[in-house]
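Colleague: First to last, the protein sequences are chains A and B.
Residue 39 in numbering that gives the first Met the number 0 sits at position 40 of the first sequence, with consecutive numbering throughout.
Residue 174 in numbering that gives the first Met the number 0 sits at position 175 of the second sequence, with consecutive numbering throughout.
Think of the hints as simulated: they come from the structure by calculation, not from any bench.
For clarity, every value in this text was computed on a predicted model and none was experimentally measured.
Virtual Cβ for every residue (Gly too), placed ideally from N, Cα, C.
Take the hints with a grain of salt, since some may be wrong.
Claimed, not checked - Not close to chain A: a few residues of chain B, all C-beta gaps over 12 Å, as computed: (1) Thr-158; (2) Lys-160; (3) His-174.
Unchecked claim - Chain A stretches covered by chain B per the calculated footprint, using a threshold of three residues with CB under 8 Å from any CB of chain B: (4) 27-36; (5) 40-49.
Said to hold, decoys possible - Here are some, though not all, of the chain B residues that point toward chain A, as calculated from beta-carbon distances under 8 Å: (6) Phe-10; (7) Gly-12; (8) Cys-54; (9) Asp-157; (10) Val-235; (11) Arg-238; (12) Pro-365; (13) Ala-366.
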Amino acid sequence: MDEMKTDVLEYVKDEYVDDEDEEVTFDTPLISSGLVDSFSMVSLKTFIEKKYSLKLSDEEATPQAFDTVNSIVELVRKHTG
Amino acid sequence: MAYSDAVRAEFAGEIEGIREKGLYKEKRFIWSSQGAEIDVEFPEGAGHAKALNFCANNYLGLSSHPDVIAAAHETLDDRGYGMSSVRFICGTQDIHRELQDRVSEFLGMEATLLFPSCMDANAGVFEAVLGADDVIIADRLIHASLVDGIRLCSAQYDTFKHMDMKHLRKKLELHSDKRRTLVVTDGVFSMDGDLAPIDEMCDLCDEYGAMLLVDDSHASGFIGPKGRGTHEHFGVMDRVDIITTTFGKALGGASGGCVSGRRELVELCRQKARPYLFSNSLAPVIVGATIRVIELLSSSTERRDKLEKNTAYFREQITAAGLNIREGETPIVPVMLYNAKLANDMARDMYAEGIYVIGFFFPVVPAGQARIRVQLSAAHEKEHIDKCVEAFRKVGEKYGILGLDKKGIVDKYGL
Ligand SMILES: Cc1ncc(COP(=O)(O)O)c(C=O)c1O
Chain A
0 MDEMKTDVLE
10 YVKDEYVDDE
20 DEEVTFDTPL
30 ISSGLVDSFS
40 MVSLKTFIEK
50 KYSLKLSDEE
60 ATPQAFDTVN
70 SIVELVRKHT
80 G
Chain B
0 MAYSDAVRAE
10 FAGEIEGIRE
20 KGLYKEKRFI
30 WSSQGAEIDV
40 EFPEGAGHAK
50 ALNFCANNYL
60 GLSSHPDVIA
70 AAHETLDDRG
80 YGMSSVRFIC
90 GTQDIHRELQ
100 DRVSEFLGME
110 ATLLFPSCMD
120 ANAGVFEAVL
130 GADDVIIADR
140 LIHASLVDGI
150 RLCSAQYDTF
160 KHMDMKHLRK
170 KLELHSDKRR
180 TLVVTDGVFS
190 MDGDLAPIDE
200 MCDLCDEYGA
210 MLLVDDSHAS
220 GFIGPKGRGT
230 HEHFGVMDRV
240 DIITTTFGKA
250 LGGASGGCVS
260 GRRELVELCR
270 QKARPYLFSN
280 SLAPVIVGAT
290 IRVIELLSSS
300 TERRDKLEKN
310 TAYFREQITA
320 AGLNIREGET
330 PIVPVMLYNA
340 KLANDMARDM
350 YAEGIYVIGF
360 FFPVVPAGQA
370 RIRVQLSAAH
380 EKEHIDKCVE
390 AFRKVGEKYG
400 ILGLDKKGIV
410 DKYGL
């Protein structure tokens, strides 16, 4: 199991999903589906920056880049190498 | 030519895109003054039709109240039409000061500063009082104007789940290393009509040394026993640090807004808030009429009492008719339909029945939570409410949703 992916998914569920039954996977659209709005996205960005000790610019932390757990992890990997 | 055919076509394409997504806002024209019964031209160019208005923010029915209109006339004659100046140059009359003092007294706050609108108050207040070492922690469903204001400010920000106090505590804990913390919420949320638990928020703010800002635009004038707002409702009148509110809804409905709160914070807004410094002064006629509104509301609770009665009656009748509403006690009553097309279709059919209401769907409300939002007013009489409920019953029957809960409606129409 990919630990980074599971950690990010865990955070997303905890932070944004109220309905226990709602299924969220690595490629569930978060922003484009309305599950996470662009205003609330900030907590996710802060979490990522803290957890992986990096700084994401506004150009990188776009709603597109943050749309799925997979794409977020891809972005993080670009930084952590 | 800079605005070439190609450029024009690009912009036209963008508008078409809005239309294709079903998000295009149609034009609607009202030929009468604002009130319970209005004269509507819709669609554009169609003949006028009389309709009962259940979608105005005219909660107290003061938009066309004779005393308010008389005060406007008097002020117009006395103080002229416009100020042609921002407040701090030569745009402040004695009546601007008087209105600020009256608002402070009415809301029970230390000081007040007028803005051209509450949108402007919200756009200016954060930048004026906070800096990069500070953090704003906001409810996820706050009004768009607060979101914009927060984004204009250099402070860091974070959000908590809608009205979830456990989550707010978690965020206060997480940000306890910041210099100053400001918690932000709407008093009454405009789409759901629910009341933020301001009392619990005050306790949490005390515990973590945070300040609290409440946008009471949908509460000032009618929530609380004397209509002072959500802080009165929850018995915490001296514990909220900043209230922003509008004169464009219950308080006469013309326009204008304010920041009301701790003396130093209001003074900082006067010195630094950009919409205050760089936008024209509120017109004297609005100032004079709003003073009269505050006088009316301070001398009698009759109008907010009638609104409360109307609200309770509507909520009871609409539920008995078999429609599914979001529970609550405010005059904002969402009739839940979940499916966007259903909300739109039913609102159109309601209009054909002479009831003016609007369907709301994503992105105005979260996806899968489409609704028709009904707003009660003290201007409504029992017959108006009965007619509205009867129209909902008739239209609801047509779509086969009476007596259905969320699951029933979603099974039938999807999300
Ligand atoms: C919660 C809230 N705040 C602020 C505003 C903006 O008020 P104004 O019309 O005075 O700009 C609105 C109006 O839609 C609102 O609902």
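Colleague: Does the interface hint hold: is Asp-157 of chain B within less than 8 Å of chain A, judged Cβ to Cβ?
Modeller: With a closest approach of 5 Å, the Asp-157 of chain B hint holds.
Colleague: Quick one, is the Pro-365 of chain B hint okay against chain A at 8 Å, beta carbons?
Modeller: holds, 6 Å
Colleague: Quick one, is the Val-235 of chain B hint okay against chain A at 8 Å, beta carbons?
Modeller: violated, 26 Å
Colleague: Could you check if Ala-366 of chain B really has its C-beta closer than 8 Å to a C-beta on chain A?
Modeller: At 4 Å from the nearest chain A Cβ, Ala-366 of chain B passes the 8 Å test, so the hint holds.
Colleague: Is it the case that Lys-160 of chain B keeps its Cβ farther than 12 Å from each residue Cβ in chain A?
Modeller: violated, 7 Å
Colleague: Taking beta carbons only, do three or more residues of the segment 40-49 of chain A come closer than 8 Å to chain B?
Modeller: Per the Cβ count (3), the hint holds.
Colleague: Return the status of the interface hint for Gly-12 of chain B: holds when the least beta-carbon distance to chain A is below 8 Å, violated otherwise.
Modeller: violated, 20 Å
Colleague: Does Cys-54 of chain B meet its interface restraint, that is, does its C-beta lie within less than 8 Å of any C-beta in chain A?
Modeller: violated, 23 Å
Colleague: Given Arg-238 of chain B as an interface hint, is its Cβ closer than 8 Å to any Cβ of chain A?
Modeller: For Arg-238 of chain B, the interface hint is violated, since the closest Cβ of chain A sits about 26 Å away, which is over 8 Å.
Colleague: Report holds or violated for chain B covering the segment 27-36 of chain A, Cβ cut-off 8 Å, minimum 3 residues.
Modeller: This one holds; 4 residues, not fewer than the three required, reach chain B with a Cβ under 8 Å.
Colleague: Can we confirm that no CB of chain A comes within 12 Å of the CB of His-174 of chain B?
Modeller: violated, 10 Å
Colleague: Holds or violated: is the Cβ of Thr-158 of chain B farther than 12 Å from all Cβ atoms of chain A?
Modeller: Non-interface label on Thr-158 of chain B violated, nearest chain A Cβ at 5 Å vs cutoff 12 Å.
When the structure is compared with the earlier hints, violations turn up for hints 1, 2, 3, 6, 7, 8, 10, 11 and for no others.
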